[in-house]
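*Asks:* Residue strings, one per chain:
Number of protein chains: 2
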Amino acid sequence: EEEIPEDHPRYEDLLTRHRIERGVEKGITHLQGMHAEGRGSAFDYLLGEETIPSAVEAERAAAAHLLLADHPVLSINGNVAALVPAEMVELADVVDADLEVNLFNRTPERLEAIADHLREHGAEDVKGLEADARIPRLDHQRAKVDADGIYDADVVVVPLEDGDRAEALAEMGKTEIVIDLNPLSRSPQVAEVPIVDNIIRAVPNITEHARDLADASGEELEAIVKEFDRKRALEAAEERIRSGL
Amino acid sequence: EEEIPEDHPRYEDLLTRHRIERGVEKGITHLQGMHAEGRGSAFDYLLGEETIPSAVEAERAAAAHLLLADHPVLSINGNVAALVPAEMVELADVVDADLEVNLFNRTPERLEAIADHLREHGAEDVKGLEADARIPRLDHQRAKVDADGIYDADVVVVPLEDGDRAEALAEMGKTEIVIDLNPLSRSPQVAEVPIVDNIIRAVPNITEHARDLADASGEELEAIVKEFDRKRALEAAEERIRSGL
Chain Y
1 EEEIPEDHPR YEDLLTRHRI ERGVEKGITH LQGMHAEGRG SAFDYLLGEE
51 TIPSAVEAER AAAAHLLLAD HPVLSINGNV AALVPAEMVE LADVVDADLE
101 VNLFNRTPER LEAIADHLRE HGAEDVKGLE ADARIPRLDH QRAKVDADGI
151 YDADVVVVPL EDGDRAEALA EMGKTEIVID LNPLSRSPQV AEVPIVDNII
201 RAVPNITEHA RDLADASGEE LEAIVKEFDR KRALEAAEER IRSGL
Chain B
246 EEEIPEDHPR YEDLLTRHRI ERGVEKGITH LQGMHAEGRG SAFDYLLGEE
296 TIPSAVEAER AAAAHLLLAD HPVLSINGNV AALVPAEMVE LADVVDADLE
346 VNLFNRTPER LEAIADHLRE HGAEDVKGLE ADARIPRLDH QRAKVDADGI
396 YDADVVVVPL EDGDRAEALA EMGKTEIVID LNPLSRSPQV AEVPIVDNII
446 RAVPNITEHA RDLADASGEE LEAIVKEFDR KRALEAAEER IRSGL
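Protein chains in written order, with the working numbering: chain Y, 1 to 245; chain B, 246 to 490.
Bear in mind the hints are in silico, worked out from the structure with no lab data behind them.
Warning: the hint list may mix true and false statements.
[What the hints assert, rightly or not] Just a sample of chain B residues kept apart from chain Y, beta carbon distances all over 12 Å, derived: (1) Leu313; (2) Glu332; (3) Arg351; (4) Glu357; (5) Ala358; (6) Asp361; (7) Arg364; (8) Glu369; (9) Asp377; (10) His385; (11) Lys389.
[Stated by the list, open to error] Here are the simulated DSBU-like cross-link-like pairs (lysine-lysine), alpha carbons at most 35 Å apart as the crow flies: (12) Y/Lys226 with Y/Lys144; (13) Y/Lys26 with Y/Lys144; (14) B/Lys389 with B/Lys471; (15) B/Lys271 with Y/Lys144; (16) B/Lys271 with B/Lys389; (17) B/Lys271 with Y/Lys26; (18) B/Lys389 with Y/Lys26; (19) B/Lys389 with B/Lys476; (20) Y/Lys231 with Y/Lys144.
[Unchecked claim] Some chain Y residues flagged as far from chain B (calculated, every beta-carbon gap over 10 Å): (21) His8; (22) Lys26; (23) Gly27; (24) Glu50; (25) Leu68; (26) Asp139; (27) Ala168; (28) Arg211; (29) Gly218; (30) Ala223; (31) Val225; (32) Lys226.
Predicted model only: the values in this text are computed from it and were never measured.
Heads up, the beta-carbon is just placed ideally off N, CA and C, and yes, glycines get one too.
Please model the entire structure based on the sequences and the hints provided.
*Replies:* Encoded structure:
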């Protein structure tokens, strides 16, 4: 990672690919995660590989939701762990959220590898290993969550999430913040706050907004949440992908 | 592969991912190939996962070029070998072309694994193992080709090719046929015949056109070649990706 010069025009793309490749090698990321990341990179390319204004608003709304939450939880899958481990630990710290490992292709080995990886990046408590509760309407393996984690959360950040699970979580009444580069995929479509941005940019941005809003009143935070227009954000991203090519 | 029902709405996408995953497992496909395939799949999604009319014309022009060629060569990398081994062998057979293994991340193990894989799918002669000639203006490893293969070819099919090599081959004066799902990437931009289509559809289509044109006269083939407008084909693909979202 140190070998990639920061001023390289493809720095973020190279960094992303490098981290995912290392994730596959370390047993953190499923091979299909490499495919998903490639798919995302095409949308990022079409977006211009930058955080568009509507994503800035979404990231600020996400920060406000997290600060208002009683029990915010950040969900971590194999790609998230590979791409932004330290960044997720930092966000959890700033908004006082739990971190919960949540895998589409769930094996005990990958759960442990990801929990270890997060701990190496500063996480103290990692949830998702108990799996003593179930999300309704999902098949057994995909439904597993911690009773005192995602199951109990009022606000969840689910980056790069499978559509079925995003939908099931929304149906549980949770305030869902989704990070996904394809504005038309199901997860951002069902999210209260869809963030159409590269996770490598999005997570540090949310953290920065949360720091910025640390002293804001509940009313100010509520105003930011209320002002955010999810439909407009999705449309703006779609429009950018169309016209930005 | 037999487990994927052919009438599944995502049949081609599932088949592609399955084949690439097997390719990585077999040591044929580099891990970055999984990423490249994911990137391609996003563009295919935007194209509507179908062969658009301008691609049909490009595929017909490619068939005409191959039939007119003195020495056509089909270049095979790790993704091509994983995705369309039998289809490339069949095309080579129909247009009397050579098959040459040509790797971006070149190792003796992968070269052998790919040659074996092609032989398992019916290839008799596989070039690319001698590497006794060089493409000018490329660094040592990337420049390696066979003297009686790509180096000598007048028409080359280079699917999913790296931009530098596509450019260097074009500068050698070869008629280049590129298959790539991103119309703006450098390889299709420098190709005489850019085919913006999924390789899984494109290769059998070229073969079908070649069979259809088997008895065509040189003049008829020349007319097809001349009529094909590469710039219009690239624009049509770009337009489709923009509006198809």
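*Asks:* Does the alpha-carbon distance linking lysine 226 of chain Y and lysine 144 of chain Y stay inside the 35 Å limit?
*Replies:* holds, 32 Å
*Asks:* Checking one constraint from the list: CA of lysine 271 of chain B to CA of lysine 144 of chain Y, max 35 Å. Satisfied?
*Replies:* Roughly 32 Å separates the two Cα atoms, so the pair holds.
*Asks:* Minimum C-beta separation from arginine 364 of chain B to chain Y exceeding 12 Å: can you confirm that?
*Replies:* holds, 25 Å
*Asks:* Are all C-beta atoms of chain Y more than 12 Å from that of glutamate 369 of chain B?
*Replies:* holds, 32 Å
*Asks:* Just checking, histidine 385 of chain B versus chain Y, shortest CB gap more than 12 Å?
*Replies:* Label holds. Min Cβ-Cβ 20 Å, cutoff 12 Å.
*Asks:* Need the status of pair lysine 389 of chain B, lysine 26 of chain Y: alpha-carbon distance at most 35 Å?
*Replies:* holds, 32 Å
*Asks:* Is the Cβ of glutamate 332 of chain B more than 12 Å away from each Cβ in chain Y?
*Replies:* holds, 21 Å
*Asks:* Beyond 12 Å from chain Y, beta-carbon-wise, is arginine 351 of chain B?
*Replies:* holds, 18 Å
*Asks:* Holds or violated: lysine 271 of chain B with lysine 389 of chain B, Cα cutoff 35 Å?
*Replies:* holds, 23 Å
*Asks:* Using Cβ atoms and 10 Å as the threshold, tell me whether valine 225 of chain Y really stays out of contact range of chain B.
*Replies:* holds, 28 Å
*Asks:* Alanine 223 of chain Y: least C-beta distance to chain B exceeds 10 Å?
*Replies:* holds, 33 Å
*Asks:* Is the Cβ of leucine 68 of chain Y farther than 10 Å from every Cβ of chain B?
*Replies:* The assertion about leucine 68 of chain Y holds, with a minimum of 34 Å to chain B.
This entry satisfies every hint, going by the numbered hints stated previously.
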